[in-house]
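Number of protein chains: 2
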Amino acid sequence: MKIREAVESDFEEIWPIFQAITAAGETYAYPTDTSKGEAQRLWMVLPRRTYVAEEGDRILGTYYIKTNYAGPGSHVCNCGYMVAPKARGRGLATAMCHHSQQMAVELGYKAMQFNLVAATNQTAVKLWTKLGFETVGRLPKAFCHQSKGYVDALVMYKWLKVQIF
Amino acid sequence: MKIREAVESDFEEIWPIFQAITAAGETYAYPTDTSKGEAQRLWMVLPRRTYVAEEGDRILGTYYIKTNYAGPGSHVCNCGYMVAPKARGRGLATAMCHHSQQMAVELGYKAMQFNLVAATNQTAVKLWTKLGFETVGRLPKAFCHQSKGYVDALVMYKWLKVQIF
Numbered sequence: 001m002k003i004r005e006a007v008e009s010d011f012e013e014i015w016p017i018f019q020a021i022t023a024a025g026e027t028y029a030y031p032t033d034t035s036k037g038e039a040q041r042l043w044m045v046l047p048r049r050t051y052v053a054e055e056g057d058r059i060l061g062t063y064y065i066k067t068n069y070a071g072p073g074s075h076v077c078n079c080g081y082m083v084a085p086k087a088r089g090r091g092l093a094t095a096m097c098h099h100s101q102q103m104a105v106e107l108g109y110k111a112m113q114f115n116l117v118a119a120t121n122q123t124a125v126k127l128w129t130k131l132g133f134e135t136v137g138r139l140p141k142a143f144c145h146q147s148k149g150y151v152d153a154l155v156m157y158k159w160l161k162v163q164i165f
Numbered sequence: 001m002k003i004r005e006a007v008e009s010d011f012e013e014i015w016p017i018f019q020a021i022t023a024a025g026e027t028y029a030y031p032t033d034t035s036k037g038e039a040q041r042l043w044m045v046l047p048r049r050t051y052v053a054e055e056g057d058r059i060l061g062t063y064y065i066k067t068n069y070a071g072p073g074s075h076v077c078n079c080g081y082m083v084a085p086k087a088r089g090r091g092l093a094t095a096m097c098h099h100s101q102q103m104a105v106e107l108g109y110k111a112m113q114f115n116l117v118a119a120t121n122q123t124a125v126k127l128w129t130k131l132g133f134e135t136v137g138r139l140p141k142a143f144c145h146q147s148k149g150y151v152d153a154l155v156m157y158k159w160l161k162v163q164i165f
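Going line by line, the protein sequences match chains B and X. The first sequence lines up with residues 1 to 165 when you count with this note's numbering. The second sequence lines up with residues 1 to 165 when you count with this note's numbering.
In case anyone wonders, no lab produced these hints; they're calculated from the structure. Take the hints with a grain of salt, since some may be wrong.
Simulated crosslink set (SDA-like; lysine to any residue; CA at most 25 Å straight-line) [unchecked claim]:
1) X:K148 <-> X:A20
2) B:K36 <-> X:K36
3) X:K66 <-> B:V105
4) B:K66 <-> X:E38
5) B:K148 <-> X:A111
6) B:K110 <-> X:T135
7) X:K141 <-> B:H75
8) B:K36 <-> B:P85
9) B:K66 <-> X:Q122
10) X:K66 <-> B:L42
11) B:K126 <-> X:P140
12) X:K66 <-> B:A39
13) B:K2 <-> B:K148
14) X:K66 <-> B:N78
15) B:K110 <-> X:K36
16) B:K141 <-> X:T135
17) B:K141 <-> X:A124
18) X:K36 <-> X:I3
19) B:K66 <-> X:P140
20) B:K141 <-> X:H75
21) X:K141 <-> B:A124
Now the stretches of chain B that chain X is said to cover, found in silico as 3 or more residues with beta-carbon under 8 Å [as the list claims (entries may be wrong)]:
22) 27-35
23) 97-109
We treat Cβ as the ideally placed atom computed from N, Cα and C, and that holds for glycine.
Working from the sequences, and respecting the hints, build out all of it.
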């Protein structure tokens with residue numbers, strides 16, 4: 001499994017992953033009916049960098065890194081990770097999160113923040129916690145889960161300066 | 001004092017307020033050297049609505065309202081408020097915050113979130129707390145204050161559904 005920076009043509013393989021995850025409406029703050037063009041803008045154009053995790057010539061996961069807030073907030077980055085449903089449980093999210101922390105430091109960021117982690121997404125919460133992210137906030141009913149309705153969202157945060165992982 | 005929706009030509013009066021506040025680098029996550037054109041985009045174009053508080057024909061304050069996150073997060077709005085330095089201590093921020101909560105409900109939002117309140121900005125923290133906002137998170141060293149260096153930032157949140165203020 002190799003992680004490399006994405007190129008534009010990778011989006012053809014990223015799109016089914018993006019679509020499956022956002023259509024579920026359980027984890028990401030993107031509209032469940034986000035169009036392909038808008039998805040490309042959100043995942044490939046707006047972020048500072050986009051990466052893919054591939055096995056052979058198949059893309060199994062992807063993540064982006066971007067500056068979370070500008071100016072006095074610009075030393076904190078934000079990342080989003082997606083793993084193809086068929087490739088779950090194989091450590092791709094862990095590998096991509098490690099990689100993203102390394103990239104974040106190289107890009108000059110001092111901290112990484114996840115702004116809106118659905119509290120129901122226990123797989124993610126457990127994983128980020130294991131990887132050193134602290135739950136620094138809890139937003140009451142800030143995430144409208146497709147089947148569970150309004151659920152709390154967590155703000156998770158890690159200072160990257162001294163040690164990456 | 002009257003609060004009304006901003007029109008494009010209002011930006012000539014908004015700009016000195018915006019510039020004074022962002023150049024100080026103490027409260028807003030905008031670059032301290034944000035250009036006039038970029039400021040107009042950030043304050044007047046990107047938000048869903050922008051309002052001004054005026055006395056006679058002079059603009060003394062302004063705020064925006066926008067959707068904080070898309071899709072499953074889109075019932076939560078975000079606002080930013082600016083008061084002209086010469087008009088401080090006269091209740092304009094309070095009046096604008098009350099107004100914004102009313103507008104938020106009218107626009108269909110269920111909650112309001114402030115993403116990055118510098119913990120050193122005690123005037124704001126006290127005021128938002130008084131107006132019913134809860135400090136739901138604390139981001140360690142997430143704000144680089146122009147003179148104090150890295151300071152914590154607070155996430156403040158208010159569910160608007162039942163009662164506005």
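Tested hints:
1. X:K148 <-> X:A20: 18 Å, holds
2. B:K36 <-> X:K36: Judged against 25 Å, a Cα distance of about 33 Å means the pair is violated.
3. X:K66 <-> B:V105: 31 Å, violated
4. B:K66 <-> X:E38: Since the Cα atoms of K66 (chain B) and E38 (chain X) sit roughly 19 Å apart, the hinted pair holds (cutoff 25 Å).
5. B:K148 <-> X:A111: 18 Å, holds
6. B:K110 <-> X:T135: Cα-Cα ~23 Å, so holds.
7. X:K141 <-> B:H75: The given pair, whose Cα atoms are some 10 Å apart, holds under the 25 Å limit.
8. B:K36 <-> B:P85: This hinted pair holds, its Cα atoms lying about 18 Å apart.
9. B:K66 <-> X:Q122: Cα-Cα ~29 Å, so violated.
10. X:K66 <-> B:L42: Judged against 25 Å, a Cα distance of about 18 Å means the pair holds.
11. B:K126 <-> X:P140: 21 Å, holds
12. X:K66 <-> B:A39: Holds, at about 20 Å.
13. B:K2 <-> B:K148: 36 Å, violated
14. X:K66 <-> B:N78: 20 Å, holds
15. B:K110 <-> X:K36: Between K110 (chain B) and K36 (chain X) the Cα gap is close to 29 Å, so the pair fails against 25 Å, i.e. violated.
16. B:K141 <-> X:T135: Given pair K141 (chain B), T135 (chain X) holds - Cα atoms ~15 Å apart, limit 25 Å.
17. B:K141 <-> X:A124: Answer holds: K141 (chain B) to A124 (chain X) is near 24 Å, not above 25 Å.
18. X:K36 <-> X:I3: 23 Å, holds
19. B:K66 <-> X:P140: 19 Å, holds
20. B:K141 <-> X:H75: 10 Å, holds
21. X:K141 <-> B:A124: Holds, at roughly 24 Å.
22. 27-35: holds (count 6)
23. 97-109: violated (count 0)
Checked against the numbered hints listed earlier, the structure breaks hints 2, 3, 9, 13, 15 and 23; every other hint is satisfied.
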